[in-house]
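**Q** One line per chain: the protein sequences are A and B, in this order. Last residue of the first sequence? That's 208 in this note's numbering, and every number before it is there in order. Last residue of the second sequence? That's 142 in this note's numbering, and every number before it is there in order.
Examples of chain B residues toward chain A, derived with CB under 8 Å:
no., residue
1, Ala-36
2, Val-40
3, Ser-81
4, His-104
5, Met-106
6, Ile-108
Because the hints were derived from the structure by calculation, they are not lab data. Ideal Cβ positions, reconstructed from N, Cα and C, are used throughout, including at glycine.
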Amino acid sequence: MINSNEKIIIKILAFFLMITVITNCSNERSIDITSKKNEFSTVLGNPMSLSDFNLTADDGSNFNLETLKGNWSLLFFGYTHCPDVCPLTLHQLGQANKALDESMTELPNIIMVSVDPDRDSIEILHQYVNSFSQKVIGVTGFLDEINKLTSQLGIFYKINKEEGENYSVNHSAAVIMINKNAEFHAVFSAPHSTEHFVTDLPKIMAKN
Amino acid sequence: MKKILTITLILVLMGCDSLKTSDIIFNDLTVYAPRAGNRVTAGFTDIINNSSDTITINSISSPQFNIVEIHETIMNNGIASMIKINTLTIPEKQSVSLKPGGKHLMLIDPVKRINEGEEITLIIELSSNETMTLKTTAVSRF
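Produce the complete structure using the sequences and hints provided.
**A** Shown next, in the form of structure tokens:
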């Protein structure tokens, strides 16, 4: 359950995300900040540039802003001890890519960013994402580096260490779409279904 | 997608004078084998209370897991969170579903690696001091 403090944090994050978008718009180019609603996703009026971060992929390689360039990516933030929302979302994303495989010339990378690095070592994350598909990329790192990414994307998380060893993590369930220029391009809000991704991904990627 | 599982359900009521096997039914009990590298997994079922009394589940245990709890996933403003439910009450002539995105069994810390097809036993402790034993087999999720 989200308490009042968390609600305040979410509002602050949303506020800063809005400010970031507006600031980017006013400083860099003339941008229509009006987002466009697809059936199941929201595309930013203009993609938002991101600052660099330094994380590690489940194969041990560096994962940063440069890594995101050249491919479309779908980012989901969760943790391997999540029994419900995280595996379901990864499954839905994988099913969507499978359904779109024949009709699309390229598919977005599916990337799970673990916001629970204390429990999700690279080795554990590697086993976990590979249990879905070898095409799914697991990413994690130091919390301050994770925060560099989440704060730019309006992603909230809270590690409930006070619950003891088997603590839960509250986290945004949104799927963030990053374009080939490593810019924040669109967001799919929860609850998700495979159909949502199958319907909107081709529309978003075809226009860019 | 929810899997419909044909389960082997062995219901044992111990020290039970009042509760009959038909009074409480666990339909479509599904327990997933933990994913590789994972110490937790989920279980789902529909619990039907056919009796004329409220039934309360006080605790659940399993020889295959060190901890079994009932949790509930809550989605609020796009934030997924999970709370522990200490006791689960099923009102008379009603049912409670443990299902994806809602209440679910949280099976934590398997005593050994559990593969698909292995037997899982759940011991249900009711507030009436009655105990039920359910058996099913682990299935892979997705």
